[in-house]
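Now for the letters of each chain:
Protein chains: 2
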Amino acid sequence: MEAKEILKEHIAKTASLTDEQFDYFYSHFKLLTYKKGQTLVTEGDKVDCEYFVLSGCLKAFFINDDIKMYILQFAMPTWWTSDYNALYSNARATINIDCITDVEVLCLSSADREKLCDEIHQVEHFFRWRTNRGYVASQKRLLSFMNNDAKKRYEELLALYPQLYNLVPKHLIAAYLGISRETLSRLYSAH
Amino acid sequence: MEAKEILKEHIAKTASLTDEQFDYFYSHFKLLTYKKGQTLVTEGDKVDCEYFVLSGCLKAFFINDDIKMYILQFAMPTWWTSDYNALYSNARATINIDCITDVEVLCLSSADREKLCDEIHQVEHFFRWRTNRGYVASQKRLLSFMNNDAKKRYEELLALYPQLYNLVPKHLIAAYLGISRETLSRLYSAH
Numbered sequence: 001m002e003a004k005e006i007l008k009e010h011i012a013k014t015a016s017l018t019d020e021q022f023d024y025f026y027s028h029f030k031l032l033t034y035k036k037g038q039t040l041v042t043e044g045d046k047v048d049c050e051y052f053v054l055s056g057c058l059k060a061f062f063i064n065d066d067i068k069m070y071i072l073q074f075a076m077p078t079w080w081t082s083d084y085n086a087l088y089s090n091a092r093a094t095i096n097i098d099c100i101t102d103v104e105v106l107c108l109s110s111a112d113r114e115k116l117c118d119e120i121h122q123v124e125h126f127f128r129w130r131t132n133r134g135y136v137a138s139q140k141r142l143l144s145f146m147n148n149d150a151k152k153r154y155e156e157l158l159a160l161y162p163q164l165y166n167l168v169p170k171h172l173i174a175a176y177l178g179i180s181r182e183t184l185s186r187l188y189s190a191h
Numbered sequence: 001m002e003a004k005e006i007l008k009e010h011i012a013k014t015a016s017l018t019d020e021q022f023d024y025f026y027s028h029f030k031l032l033t034y035k036k037g038q039t040l041v042t043e044g045d046k047v048d049c050e051y052f053v054l055s056g057c058l059k060a061f062f063i064n065d066d067i068k069m070y071i072l073q074f075a076m077p078t079w080w081t082s083d084y085n086a087l088y089s090n091a092r093a094t095i096n097i098d099c100i101t102d103v104e105v106l107c108l109s110s111a112d113r114e115k116l117c118d119e120i121h122q123v124e125h126f127f128r129w130r131t132n133r134g135y136v137a138s139q140k141r142l143l144s145f146m147n148n149d150a151k152k153r154y155e156e157l158l159a160l161y162p163q164l165y166n167l168v169p170k171h172l173i174a175a176y177l178g179i180s181r182e183t184l185s186r187l188y189s190a191h
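Chains A and B, in that order, are what the protein sequence lines are.
Just so you know, we're using the UniProt record's numbering here: the first sequence kicks off at 1 and counts up by one.
Just so you know, we're using the UniProt record's numbering here: the second sequence kicks off at 1 and counts up by one.
It is possible that part of the hints are untrue.
Unchecked claim - No farther apart than 27 Å at their CA atoms in a straight line, the calculated lysine-lysine pairs in the BS3-like style are these:
(1) A:Lys-170 to B:Lys-140
(2) A:Lys-68 to B:Lys-140
(3) A:Lys-140 to A:Lys-152
(4) A:Lys-13 to B:Lys-46
(5) A:Lys-170 to A:Lys-140
Don't read these hints as lab results, they were simulated from the structure.
Pulled out of the complex, with its shape left as it was, chain A reads as follows (with noise of 0.2 Å):
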């Protein structure tokens, strides 16, 4: 599926744009390919785009003083990502996005979002749902790291996104879960 088409489907499943809204909402995006281990957001920097995945994964992350990666979200097909924190706020980026795989991406500046939320009102209702669902999904995940364990959480994922596990290395998702590596090993071989 081309990339407008790919994005259209994805804005239909929440928002009622014409055809004619749609090609002028479409025309602010710009696609961008990105080769494996090639980064669009890094710590520090200024942070001016979202962008939606089109094809491969991307992980948000950042490094702590003791060296150690921690993975806030990966990024699939239909998910968009940046630095929230950095982009609603004006501030510099406090983590890192980068790719696993060779990834397609349609990136869309934070001025033509408001500009866009602002001329079309079915936009601004995507924007908002899209947001409700992250929500969801981030106090869930809050949630889970408080209460459970790391075999529960390695589950949790394992159910939520199945194809993560060809996609990603093992020590990444180890990360993600805030485990060694070894524990992962142990857990993923009792499966």
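Position chain B relative to chain A; hints supplied.
Here is chain B on its own, set in the frame of chain A:
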């Protein structure tokens, strides 16, 4: 300040409504008062409303299988609270919300929120940004949970919400931080 004025001032920070629009918007809210200890949302219930806090303090929490309490959120004046997972997906509540003090809230039903968002573009704009901010706060808390030890999380909480320490019993602050009361006492006296 009156309930209506508090909400009006809160909305005006994000969205531009005419007086007429705001009066119409406000007519959909119900003013409710609760006594300390009363419950607004109970695990397993249907959730139809969200709450804008006028006075007092609430906690959103869940109790796990080992009868350990985890606090997801405190809600203070001008904050919004509900079980958004249940509210947005029409599911049963997975958390509880009750009153730490006597509380006054304005209650808005989910059906009315969607109707108002549809009828008044600026109301949709308000709720989009309300959730954007909630999403960012939730991501920050997740990062903090993944990366920081109890001491750092305690200091973050103290910096963010100094007023909490006069309002909220210490064992609830421990439940928010995910630590024991003994550990909190050590942090508290060391501060």
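How the hints compare with the structure:
1. A:Lys-170 to B:Lys-140: Status holds; Cα separation ~25 Å.
2. A:Lys-68 to B:Lys-140: holds, 17 Å
3. A:Lys-140 to A:Lys-152: Measuring from Cα to Cα gives roughly 13 Å; hence the hint holds.
4. A:Lys-13 to B:Lys-46: holds, 25 Å
5. A:Lys-170 to A:Lys-140: holds, 23 Å
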